[in-house]
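Visitor: Sequence:
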Amino acid sequence: SGEGTGLGLSMVYGIVKQHGGDVSFYSELGLGSTFKTYWPATDQPGEPDANPQVARIPYRGNETILLVEDDENVRKLVGQMLLLQGYKVLETTRSSDAIDVANRHQGLIDLLLTDVVMPQMSGKDLAEQVLAIRPGIKVVFMSGYPGGIASSHGILDSSAFFVQKPFEMDALGKVLRQVLGPDNGK
Numbered sequence: 001s002g003e004g005t006g007l008g009l010s011m012v013y014g015i016v017k018q019h020g021g022d023v024s025f026y027s028e029l030g031l032g033s034t035f036k037t038y039w040p041a042t043d044q045p046g047e048p049d050a051n052p053q054v055a056r057i058p059y060r061g062n063e064t065i066l067l068v069e070d071d072e073n074v075r076k077l078v079g080q081m082l083l084l085q086g087y088k089v090l091e092t093t094r095s096s097d098a099i100d101v102a103n104r105h106q107g108l109i110d111l112l113l114t115d116v117v118m119p120q121m122s123g124k125d126l127a128e129q130v131l132a133i134r135p136g137i138k139v140v141f142m143s144g145y146p147g148g149i150a151s152s153h154g155i156l157d158s159s160a161f162f163v164q165k166p167f168e169m170d171a172l173g174k175v176l177r178q179v180l181g182p183d184n185g186k
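Mind the numbering: the sequence shown is residues 1 to 186 in the working numbering, read in order.
Derived from the structure by calculation, the hints contain no laboratory data.
Treat the hints with caution; some may be incorrect.
Computed cross-link-like contacts, DSSO-like style, restricted to lysine-lysine with a CA-CA straight-line distance of at most 27 Å [claimed, not checked]:
#1 K76 - K36
#2 K174 - K17
#3 K174 - K88
#4 K124 - K88
#5 K76 - K17
#6 K174 - K76
#7 K17 - K88
#8 K138 - K124
#9 K36 - K124
#10 K88 - K138
#11 K76 - K88
#12 K17 - K36
#13 K88 - K36
#14 K138 - K174
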């Protein structure tokens, strides 16, 4: 307990870098670590957009997705992305809970969206067990590790559908529509 995979920090780093910022840290044995984020400064105050537009969501669906992510913050964020795109979401943090949902859920589960590296079992092993319970389910893997690294180390098959964290809602939506088929949400 108290230790994670470090992927949360990887996501923070990616987001900060995408916005032109930087991350630094200081660690002292027995005392912990301090992380600082630095954002670009501006001398201009922000101005509200004179013509605000409702955000356009290019990829939509209405299928049911079983989301498995052991990092609670990432799971909540991805769950919100899926809901905004119109999907029905079944969320779990543990592989054993996902297997239980696959066994007990009365309705159709169209897709399993799972992290690759998790404490109880790998996403690949989870997918195999869920596919045994629900043979028609589609699978998309997500990870902070690049897909090439995951496949070269045998974690994932090179033909697996994969989205690398951190990702934007459009990137996730695009992969989901590739796997599930044409837009089903309109």
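Visitor: Taking the hints in turn, state whether each one holds.
Guide: A quick look at each hint next to the structure:
For the proposed pair K76 and K36, the alpha carbon gap of about 23 Å is at most 27 Å, so the pair holds. Among the hinted pairs, K174 with K17 is consistent with the structure: their alpha-carbon atoms are about 23 Å apart, no more than 27 Å. Restraint check for K174 and K88: the C-alpha separation of about 17 Å stays at or below 27 Å, so the hint holds. Distance hint between K124 and K88 is fulfilled; the C-alpha atoms sit about 23 Å from each other, no more than 27 Å.
The suggested pairing of K76 with K17 holds, with an alpha-carbon distance near 22 Å, which does not exceed 27 Å. For the given pair, K174 sits about 20 Å from K76 by alpha-carbon distance, which is consistent with the 27 Å threshold. Between K17 and K88 the alpha-carbon distance is near 32 Å, which puts this suggested pair outside the 27 Å criterion. For the proposed pair K138 and K124, the alpha carbon gap of about 13 Å is at most 27 Å, so the pair holds.
Proposed proximity of K36 and K124 is contradicted: the alpha carbons are some 34 Å apart, above 27 Å. Taking the CA atoms of K88 and K138, the gap is near 15 Å; set against the 27 Å cutoff, the hint holds. Among the hinted pairs, K76 with K88 is consistent with the structure: their alpha-carbon atoms are about 14 Å apart, no more than 27 Å. As the CA atoms of K17 and K36 are separated by approximately 13 Å, the hinted pair is consistent with the 27 Å bound.
Distance restraint check for K88 and K36: the Cα-Cα separation of roughly 36 Å exceeds the 27 Å cut-off, and the hinted pair is therefore not satisfied. For the hint linking K138 to K174, the alpha-carbon distance of about 15 Å falls within 27 Å, and the restraint holds.
Going through the hint list in order, the structure does not satisfy hints 7, 9 and 13.
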